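**Q** What follows is each chain in one-letter form.
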Amino acid sequence: MFATATIALLVIMCLALVRAFRGPKIFDRILAVNMFGTKTVLLIAVYGFLTGRPEFLDLGIFYALINFVGVIAALKFIERLEFYDEREER
Amino acid sequence: MDVVTDLISWIFLGLGIFLGLTGAFGLLRFPDFYTRVHAASISDTLCTACFIFGLAFQSGFNLVTAKLFIILILLWLTGPAASHALVRAAHTAGLKPITENSD
Amino acid sequence: MDSFFNEVISGALGRYNYWVVIFLMMSGFYVVIGSTNLVKKIVGLNIFQTSVFILYISIGKINGGTAPIVWANAERYSNPLPHVLILTAIVVGVATTALGLSLIMRIKHAYNTVEEDEILAISLEEDEDE
Amino acid sequence: MELLVNISLLFMLSLTVIAVVRLKSLFAIVMLFGIYSLLSAMIFIALDAVDVAFTEAAVGAGISTVLMLATLVTTGRWEKKSSRSSFLPLLIVSITGAALVWGTLDMPEYGNPDNPAHHHVADRYIEQSPEEIGIPNMVTSVLASYRGFDTLGEVIVVFTALIGVLSLLQVRTPPSVAETPLRNENRKLSRPYPVLQVVALVMMPFIILFALYVQFHGDFGPGGGFQAGVIFAVAFILYTLTYGLDDALALTPVSVLKALAAGGVLIYGGTGVVSMLLGGNFLDYNVLSSNPVSGQHIGIIVIELGVGITVASVLICAFYAFMTRALPDQGQKG
Numbered sequence: 001m002f003a004t005a006t007i008a009l010l011v012i013m014c015l016a017l018v019r020a021f022r023g024p025k026i027f028d029r030i031l032a033v034n035m036f037g038t039k040t041v042l043l044i045a046v047y048g049f050l051t052g053r054p055e056f057l058d059l060g061i062f063y064a065l066i067n068f069v070g071v072i073a074a075l076k077f078i079e080r081l082e083f084y085d086e087r088e089e090r
Numbered sequence: 001m002d003v004v005t006d007l008i009s010w011i012f013l014g015l016g017i018f019l020g021l022t023g024a025f026g027l028l029r030f031p032d033f034y035t036r037v038h039a040a041s042i043s044d045t046l047c048t049a050c051f052i053f054g055l056a057f058q059s060g061f062n063l064v065t066a067k068l069f070i071i072l073i074l075l076w077l078t079g080p081a082a083s084h085a086l087v088r089a090a091h092t093a094g095l096k097p098i099t100e101n102s103d
Numbered sequence: 001m002d003s004f005f006n007e008v009i010s011g012a013l014g015r016y017n018y019w020v021v022i023f024l025m026m027s028g029f030y031v032v033i034g035s036t037n038l039v040k041k042i043v044g045l046n047i048f049q050t051s052v053f054i055l056y057i058s059i060g061k062i063n064g065g066t067a068p069i070v071w072a073n074a075e076r077y078s079n080p081l082p083h084v085l086i087l088t089a090i091v092v093g094v095a096t097t098a099l100g101l102s103l104i105m106r107i108k109h110a111y112n113t114v115e116e117d118e119i120l121a122i123s124l125e126e127d128e129d130e
Numbered sequence: 001m002e003l004l005v006n007i008s009l010l011f012m013l014s015l016t017v018i019a020v021v022r023l024k025s026l027f028a029i030v031m032l033f034g035i036y037s038l039l040s041a042m043i044f045i046a047l048d049a050v051d052v053a054f055t056e057a058a059v060g061a062g063i064s065t066v067l068m069l070a071t072l073v074t075t076g077r078w079e080k081k082s083s084r085s086s087f088l089p090l091l092i093v094s095i096t097g098a099a100l101v102w103g104t105l106d107m108p109e110y111g112n113p114d115n116p117a118h119h120h121v122a123d124r125y126i127e128q129s130p131e132e133i134g135i136p137n138m139v140t141s142v143l144a145s146y147r148g149f150d151t152l153g154e155v156i157v158v159f160t161a162l163i164g165v166l167s168l169l170q171v172r173t174p175p176s177v178a179e180t181p182l183r184n185e186n187r188k189l190s191r192p193y194p195v196l197q198v199v200a201l202v203m204m205p206f207i208i209l210f211a212l213y214v215q216f217h218g219d220f221g222p223g224g225g226f227q228a229g230v231i232f233a234v235a236f237i238l239y240t241l242t243y244g245l246d247d248a249l250a251l252t253p254v255s256v257l258k259a260l261a262a263g264g265v266l267i268y269g270g271t272g273v274v275s276m277l278l279g280g281n282f283l284d285y286n287v288l289s290s291n292p293v294s295g296q297h298i299g300i301i302v303i304e305l306g307v308g309i310t311v312a313s314v315l316i317c318a319f320y321a322f323m324t325r326a327l328p329d330q331g332q333k334g
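Residue numbers (this note's numbering), protein chains in the order written: chain X, 1 to 90; chain P, 1 to 103; chain G, 1 to 130; chain L, 1 to 334.
Derived from the structure by calculation, the hints contain no laboratory data. As the structure is a computational prediction, the values presented were derived from the model and not from experiment. Treat the hints with care, since some could be wrong.
[What the hints assert, rightly or not] Below, a list of computed lysine to any residue pairs in the SDA-like style, where the Cα atoms sit at most 25 Å apart: (1) 25/X x 3/P; (2) 96/P x 25/P; (3) 24/L x 99/G; (4) 80/L x 33/G; (5) 25/X x 12/P; (6) 25/X x 84/P.
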């Protein structure tokens with residue numbers, strides 16, 4: 001059962017990664033990064049159960065935190081850049 | 001007893017997988033940024049909860065469950081806040097949603 | 001012939017992650033020497049560095065081992081030595097990255113660009129003026 | 001199953017790297033670098049290196065990404081089209097890569113317990129460190145006790161990097177007390193992200209509590225001074241991002257941070273000197289108490305504290321220096 005969940009999470013991460021590559025706007029990428037981070041947290045939790053040693057959830061707590069700070073930082077700096085242009089991000 | 005908890009956690013994990021995949025496909029297939037936020041953030045919240053509950057039923061009552069619920073609370077606090085900030089930043093930056101007349 | 005192929009396959013299974021790591025390392029290297037933007041170079045350097053970390057950690061992994069924290073059910077533990085080396089290397093890595101990035105900020109202040117060839121052109125001009 | 005996880009993570013890493021090479025938008029590249037760090041941290045977990053995963057996520061996806069983003073604000077977000085041909089770099093990279101792959105053919109197979117890397121000192125660490133040092137986390141005992149010299153060197157490197165950053169970039173002096181009421185008035189008028197400010201305020205105490213837990217639980221689980229220092233720094237980075245640099249500087253003045261950064265190194269080195277005065281070698285914790293094992297306990301807790309203080313204050317201070325450049329007038333803007 002944990003194996004199925006792990007595979008599903010890996011698929012979801014791949015899909016989020018595709019969105020992060022394709023953009024087109026910078027906000028799409030940040031959204032994809034955010035979702036990717038959330039799924040990484042879940043993957044850590046599920047992987048702990050899969051290997052039978054689920055005591056490393058401290059890492060999951062920390063990943064959730066770092067992911068949030070990363071997204072906030074990106075938004076804060078984008079706001080400052082005043083460089084939002086209609087150019088497609090490639 | 002074991003069968004019942006296994007079944008419950010199966011149901012939760014299955015629901016979580018379904019919601020996660022829905023969100024990911026929405027993120028990939030929807031036409032513009034605002035609809036993508038909608039797909040990703042709403043499914044994310046419930047998907048996380050389903051996964052955590054499914055795992056919590058497997059671990060029983062111990063420190064691991066407590067940590068799982070800390071993760072859940074943290075993700076519930078940060079996820080919506082991040083989505084809110086993201087949409088607001090996009091709106092301030094002048095990103096227009098696709099409307100009926102825009103095409 | 002069959003035994004040769006078997007050997008190749010088992011050899012590849014035993015080394016595939018070294019090869020992926022080498023690919024990552026070389027991509028980082030390519031970014032460092034191939035692009036002219038200094039910030040991108042720093043990103044490339046970080047990618048290179050992180051792939052070296054992965055190489056070390058994969059050398060330390062033992063099949064069937066578990067994390068090197070005492071555990072009643074453990075059969076064997078993975079090798080803790082590479083973990084220690086890399087843990088400190090990561091923190092030193094961020095310190096050097098911070099130093100590099102602050103140098104880039106000063107370069108931007110002095111030359112008003114962070115493209116390597118433009119900086120070179122400007123400093124050549126300055127040399128001729130003297 | 002573990003093989004599958006490992007392979008798919010490596011596959012995603014390769015995809016990310018290819019995207020980084022091809023993209024021209026530096027902002028997107030830095031975001032992808034954040035993903036790259038998270039993924040490699042996930043690989044470290046899959047390869048049993050939980051402590052390393054902790055540090056890599058903290059440093060790569062957290063601090064490095066934030067510092068790079070701050071740099072981009074001052075340097076611009078687009079990479080110019082390079083006039084250089086990409087043929088020569090590609091050639092050099094391919095030749096080097098081919099040579100390295102050729103080198104791996106002689107390497108022992110991945111994961112085999114009989115590999116030479118797993119013997120000599122590693123056996124001793126695994127078998128004897130729980131009795132000799134008395135703490136379950138072997139990584140911490142090797143880091144803080146067996147290889148204490150090395151770690152002291154690393155802490156000094158981190159401290160030196162702070163000196164370098166501060167000599168290149170100045171941290172802004174916060175506005176004087178006389179201006180403060182006006183500033184607060186301004187902030188009330190245009191509060192940028194009230195939701196984020198509330199969330200950050202709720203999270204701050206828990207992050208700091210978590211940092212303390214990681215600091216002092218490092219003997220028993222993944223964690224230790226380096227990781228806890230970074231988590232402390234993350235708490236203050238979150239505060240700075242949501243409330244502005246001036247408030248953060250009022251909370252943790254730079255002079256205090258500088259003193260703390262030096263103080264952490266002093267605590268570490270001082271432990272070594274104390275152990276010398278008590279008749280042992282430099283950084284020999286056995287003499288710190290009548291019982292060698294409890295001496296090791298005391299020594300490790302003290303030096304991990306020194307590491308944590310130094311790392312936290314160095315990273316916070318460097319971040320303030322970057323923010324001074326990146327967001328120069330945030331005090332007025334709110």
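**Q** Taking the hints in turn, state whether each one holds.
**A** Quick rundown of the hints versus the structure:
| no. | hint | result |
| --- | --- | --- |
| 1 | 25/X x 3/P | 48 Å, violated |
| 2 | 96/P x 25/P | 22 Å, holds |
| 3 | 24/L x 99/G | 24 Å, holds |
| 4 | 80/L x 33/G | 15 Å, holds |
| 5 | 25/X x 12/P | 34 Å, violated |
| 6 | 25/X x 84/P | 17 Å, holds |
Violated hints, in rising order: 1, 5; the structure is consistent with all others.
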